[in-house]
Each structure stands twice: as C-alpha cells, then as structure tokens.
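Asks: Build out the structure end to end from the sequences listed, making use of the hints.
Protein chains in written order, with numbering that gives the first Met the number 0: chain A, 0 to 166; chain B, 0 to 102; chain C, 0 to 640.
Treat the hints with care, since some could be wrong.
List time: in silico EDC-like cross-link candidates among lysine to aspartate or glutamate, alpha-carbon distance up to 16 Å [what the hints assert, rightly or not]:
# : chain 1 : residue 1 : chain 2 : residue 2
1 : C       : K382      : C       : E474
2 : A       : K138      : A       : E128
3 : A       : K138      : B       : E74
4 : A       : K138      : B       : E59
Read the hints as simulated data drawn from the structure, not as lab findings.
Source: prediction; values computed, not measured.
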Amino acid sequence: MSINLVIFSLLALLMIVSALFAVASSKIMRATTLLLFVLFGTAGLYFMLHYTFLGAVQITVYAGGIVVLLIFVVLLLGKGSVDVTQTSMRRYLAGVVTAMTGMAVTIYLINTTQFAQNTVDPDGVAMRELGMALMGTEKYNYILPFEVMSVLLLACTVGAILIARKK
Amino acid sequence: MTIPAQYMLILSAVLFFVGVFGFFTRRNLVSLLICTELMLNAVDINFAVFNAYCHPEHLEGYIFSLFGIGIAAAETAVAIAIIINVYRNFHSIHIKRLTNLKH
Amino acid sequence: MEQSIYILALPLLSFITLALIGKKLPHKVAGIIGTLSLLATTVLAYVTTASYFLAGRNADGIFAEAMPYNLTWLPINETLSIDLGILISPISAMMLVVITTISLMVHIYSLGYMKGERGFQRYYAFLSLFTFSMLGLVVATNIFQMYIFWELVGVSSYLLIGFYYTKPAAIAASKKAFIVTRFADLFFLIGILIYGYYMETFSFTPGETALAAAGTVLPTALMLMFIGGAGKSAMFPLHIWLPDAMEGPTPVSALIHAATMVVAGVFLTARMFPLFIEFAPGVLHTIAYIGAFTALYAAIVACVQTDIKRVLAFSTISQIAFMMVALGVCTGSDPHEGGLGYMASMFHLFTHAIFKGLLFLGAGAIIHAVHSNEKSHMGGLRKYMPVTHITFLIACLAIAGIPPFSGFFSKDEILAACYAFSKPMGLFMSGIAAMTAFYMFRLYYLIFWGKSHYEEQLALYRSGNIAHEPHKPHEAPMTMTVPLVILAAATCVAGFIPFGEFISSNGHAYAIHLDTKVATTSILLAVTAIVIATIMYIKPGRRITRVVKVVLREPIRAAYHRFYMDEAWLFVTKKIIFNCISRPIAWFDRHVIDASLDLTAKGTQWLGALIRPLQSGNVQTYCVYLLSGALMILLLLLYLN
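Replies: Shown next, in the form of structure tokens:
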C-alpha cells in the first residue's frame, strides 16, 4: 500500500466523518467547525492532485473567508441559530432513501466507467501557465469570466450590504 | 503509484449526498447553508479530479474550480445577508416559518 | 332618387346621437333633435315619392320600380346573395309617406305627451330607431333585407312597449309581444330560406325557370312567410300580443301598434302579391278566410272592452284583417277583373293609418287628461276637451265608413272586392263593417257623452264624501292638439286621393268608382249601427242597454275575456309544450349535458385538491421535489439505456 493511498484514506475518513457529524449535529457552531475540517480535507485532496494553487485558494477563501462568515453569523444570531426542532420520521426516511439511491446510482456509474488515463501529472500546473490562462485573451483563456467574477463579487458585496442594512 | 480516479469521485459523491441528506432533514437556514457548501465543495472536487486525470494538458476544470470557490464565496455572502434580514423580520431562522411563498 | 339614402340615414343618425349622448342632453333638446331629424326625413320622403310618381309611367304603362342603391352584402354562392339597398315601388313610396307622416305627428305629439317623463331621451332614441327600421323594411330590395329590418322593428317595438320598465305589466307585455312575434318570425325565416333555396335569389322577382321548377314549394314558402306576417299583423290566433302591447306609451301605440308596424304583414303580402296571385291563389284565399275570421273575432271583442286602448287595439286587429281579406279575395292581377282587392287593401292601409293614428292620439289626449284608461273614469268629456272631441268624432266617422271621410272610400273598395269574390264573403264583411261602426260609437259616447265622472266626483267632494278634490279634465297642450288637427284634416281629404292612379294590382292606372249598391248598403248599415249605439249609450243606464246586458250576459263575459284565447295559449304553452317538450329537454340538458361538463370540472377540481398540498410555500420542500425529480429522471435514463 503506497503512502499516497494511506494519506488519501485518512483524508477520506476525516472528510466523511466530519461531513456526517456536521450534518447530524444540532449545534450550528459545532457543524461549522466540522465543515472546516471537510474543507481542509478538500484542500488536502487538491494538494494530492498537485494543484497547489487551488489548494491554497481553498484554504484562504473557504476556510478563511466563508467559514469565518458563517461563524460570524452564528455568533450574531445567538440562540436563534440553534436547530432545536426534530425532523419528522417521514422526512428523515425520505432523506435517507433519496441520498442512498443517489449515492448508489452515482457510485455505480463511476465504477462502470472506464477512464482513459488513470494517472496524475506529477509536476502539477505551473503558476506561470495558470496566470497566463486566467489573464490571457486567447483561446482557452479566461479573462472574460475572470472579470465577470469580479463584477459578480462586487455586486454581491453591494447586495449583501443593501439586504442586511437596517432601515 | 497514484490513487485511482474512481476513489476520488466516490469520495466526492459521498460528500455530495451527505449534503443532500442534510439539506433534506435540517430545519435551520444556517444548517442548510452548510449543506449547500458541502455539495458545492463536492462539485469542485469533481472538476479538479476530471481535469487532473482526463485532460491534464488543459486547465478548464482547474479554473472552473477556482470560479466555483469564488461563486461559493459570493453566494455565502448574499445568503448570510438574507438570513440576517429574515431573522430581523421573523425573529427566527427556522424554515417552517418561511412559507410566505404560498400566498 | 339619390336622396333616398338619407331617408334611412337621418333617423339612424338621430338614434345613434340620442342613444349615445341623449342622457347628457336636456329633455327639450333631445326631443327637438329627434323631431327635426324626422321632419327632414319626412320632407325627403315626400320629395322622393313625388319625384317617383312625377317621373311618370314607362312604356308598359306602369310605374317601374326604382333601385337607387343596391349592395351585395353577404354573398352565399354564385347566384344567391343577401343584398342591402333601396327599392322604390308604388307601395313602398306610399308607405314612406305614411310612416314618416304618422311618425312626425307622433314625434310632435310626444313632446307634450311625454313631457317630464323619466327616460324622455331614451323614448326619442327608440322612436328614431323604430322609424329607421320601418323605413328600411318598406324600401327593402329583397326579402332577406326585409327580414332584417322586420326583426329590428320587432326589437324597437319590444323596447317601446316596455318603455315603463318599472311596471310589471309593461315588462310582461313587451316580452309577450316579442316572443309571439318571434315565434311567427321563425316561420317567416323558414319560408325565406325555402324561397331562397328554390328560387336561387332573395329578390321579389325570381327567374322564370326557377319559378317554373318550383311546383308546390313556392306556395309552402309563401304560406310560411304569411305566418310571419300574421304574427306582426296580429292575425288570429297570433293576435294575443297586440292588446297587451297597449301598455306602452299611447303615442307609441299610435305609431307602431296602429299605423305602421302592424301593417307590415299586409305590406309583406302585398309585396309578394304577384307571386301569390300567379302561383298560390289557394294560399291567398286561405289568407282571406283567416282575415275574415279575425275581423269578426276582433270586432266582437271590441264591442265589450272597457279599456279604451283595448277597444282601439281590437279595432286595429279587425281593420288589419279587413286589409288581409281584401288581398285574399283577389283572383286575378287585373284590377277590373278580380284584382281590385289589392288596391283596396293598400288604400285602406293608407287611410287607416291616418284615422287610427288620430284615434290613438286622441285617446292619448284623453288618458292624459283623466289619468286612466278605463271608460268608467271618462264620460261627458266633450265640454272639457272640444278639440279632441271633434277630431275623435271625425276619426270615428271615418272608421265607421261615413262619407266623405277617408275610411268610407277605402272600405267601400274592400267590400266591393269581397262581393266580387263571393256574395257570402261580401255580406259577412259588410256585417263586420257595421259592427265597427257600432263599437266605435259606443266608445265615442262612453268617452264624450253620458254622465261626467269628474262632475260626479266633484259633487261627492262638495258633499264631503271624498277627501280629495278630483282632478279637472283639461284640453291637451298645443303640441298634442296640432297633430290631432292635422290628422283630422288628412282624414277628411284622404278619401279623395285618386289612389288607383298610383297603386293597383298590375300597375296600370285604375279609376276608383263607387259601386252604388255596395256603397248604399254599407252607408245604411253604418248609420243603423250608429243609431243603435246612440240609443244604447248616449245616456247611461238606458233600459235597452240593461236588457241586452242581461240577455247576452254569458257571451258578453266571454267576449270581455277575449273568448279565453290568452288562456288557451297559456294552456298550450304551459301545460302541453312546457310539460311534454321543454321539461324533458331541460332534464336532458341538466342531467346529461351539464352533468358531463360538471364531471370534467369536478375531476379537475379533485385533481387540483389532490396536488394542492404540494404548494406548501416551503422552499426546502420544493428543493426536495426538485432533487428527487432529477434523480428519477436520471434513473429513467439509465433504465432506458
């Protein structure tokens, strides 16, 4: 068993268990913390794919930004954010059945699909190449989506302020 | 030796459906937001994995993942603003109260 | 002839104006608009008629029909189309004069009669509509245009009968009139369609080949058309609506239910006369017998009615029946040999319109003065209403057939035509003419002679037996007396018009000459009848009157109830048609047709109720449905692959 597989297994275990607890926990604060573990695990996966920049972004934006936002709102709302009501059995069952069915179908599909290539480029993606792709104006370059993203983020910031502002 | 792509995909599928399950059963807006983040995250993993295994010479999946993270950030910001506003109006973020769409 | 289009356009314009902005106008302005537009129409009609007759006869010695306008309105196939236009023939020219004259008189008269009534503008709007429709009817270029205007006339009659729409009796009367005439019009329409189908035209003069091929179809079509005419002209047994139609304002009765609309049936028969006489003489004689019976029936009923307008209504029925008889007794198209009745009928239509219009307007003046239709509230009115008295007397003399008033001449021609047809028919109609004289003078004496109701009431008031001082009868205002005087003058001179010069059955000039034997008989009969009426009714409570009342108690009661014709109709419709036909149909409609539709509605409702809970307003639930649905589609696709 290679060291990669061991690391992957540990990461997978961490993520799945954290995700399950995050979803099952009735305390939002705890759920948010567990979500943080999942996000860190995801960053680990990106590193395993040698996508270091993506992993870094994952940690800074997700773990650093979004989770902080979530914690912020949980603390702001205090008791109002506690999920106290019990979910009805029917809904619970429906959730389990749907999730299980969906999972089964997806895993079946993944297992029956042959991938052309089952290896990863060990060099990963060069930073320069990535920068050129993001900022370039050629074919397979993404300057336009990048700018659209920035406009979107600006709009979201303005919108969020507008919505949350006290009248 | 590298890990087979299937393992990665199965992991992301599991995470996604855990998110779906949570989305079905949780009754709190913040919990729902957490579940949404889980699902989005699973999708991001998928993009990255497909890019790395199937088309390493291109960068579509990579960049899609990057944008996905950006979108997630934007979505979270707006969602949190809405949640705060809802709490202000309904004094609760419990989803059962939010049935005004019916009327 | 080009100006003839304005004869139709002006009343229509006046109707539209009054209907649209009438409510905003003061009463007087609305009345003047209506009257002035009708005055212009009348002048135009006179000009048109004069120029038509002054244009002279054509090479065949007849007045050719003039068609200044004709427009193919609705083509049905290559040969058949519905046209709209204007056709002037001798009888339509005569009708133009009659309609516009009487209508103008009624317009002027109504200025006084309807003064201060609610809906004054509406009244004038409807009068304009009626005049337009009636004029359109008589100038129709084809039978279908005639039918269109025929129905318009029916509608305006309906609207005017129900003018006092707050009175239940008026509403009932208007509905009755409309339904009865519509029922008859159904036959008319069927007749028109048969005619159009076999003649391949709606015009009054079908092609020779079609006529030759028609066989028995043409008489059938003509008979059906006559039933329509019988409905409008109140022939027995479709007469039941006319007496009730008296619920409308009295000037309306004068215009529509005495002078113009009710003669539409006669006009229709006269319009189709060439076809009747050539292809369906049997139908024509049937019309004569129906007419004769109606004349008798209406005359008997008229003898015992107490409501003065009802008397006049039955007298109208009887007189129209005279015109029908005159048309029916024709045996040929030459006025010298069997075709006299056509001219006589038209002549009587002409004179009758004038004197019956006068009678109704006079009755209106009386009702206006005493505020009642019942003869018991009248009596002794000659002192109080001298103008009305004299004009009414002139009209009574005219309808009774006393020379030199117009009715004598026309009725004499009718009787001559009847005698020419057969002696029994002549004697029968002479008898009815005598009855006419009797009931008209009964009416006259009851209104103007005898004990004055007002004076009796006044005496009672003076002696303290009643609390209120009775209303003193007074002469009508100028707007009402002027039309009376004009019509009375016309009644005096109309008989001397050489009518046969203008209108005769084959179009050639016909010099009216009095048959001395017939004339003497009818004058003698009329005078006798008048003398009997004088003896019986000049003073109230005569012994002979009481004796007659006792001896003929049962017949009088039956006649008073119009021989229970209304009840018979009610029995047929309510008991037989409603129970045996309408109810099963209604049941079928409600329980089979409606039920199947109800089932569809209920099913939809049930389905809606079933899926309504899905719309919970809970966004999370919606997401669940969305995801589950997507998953199901995925499974389905997998299964299909």
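Asks: All the hints need checking, so say for each whether the structure fits it.
Replies: We went through each hint and held it up to the structure:
1. Distance restraint check for C:K382 and C:E474: the Cα-Cα separation of roughly 10 Å lies within the 16 Å cut-off, and the hinted pair is therefore satisfied.
2. About 14 Å separates the Cα atoms of A:K138 and A:E128, which keeps this hinted pair within 16 Å; it holds.
3. Between the alpha carbons of A:K138 and B:E74 the distance comes to roughly 29 Å, so the proposed pair goes past 16 Å and is violated.
4. The suggested pairing of A:K138 with B:E59 holds, with an alpha-carbon distance near 12 Å, which does not exceed 16 Å.
Hint violations for this structure: number 3 only, all remaining hints satisfied.
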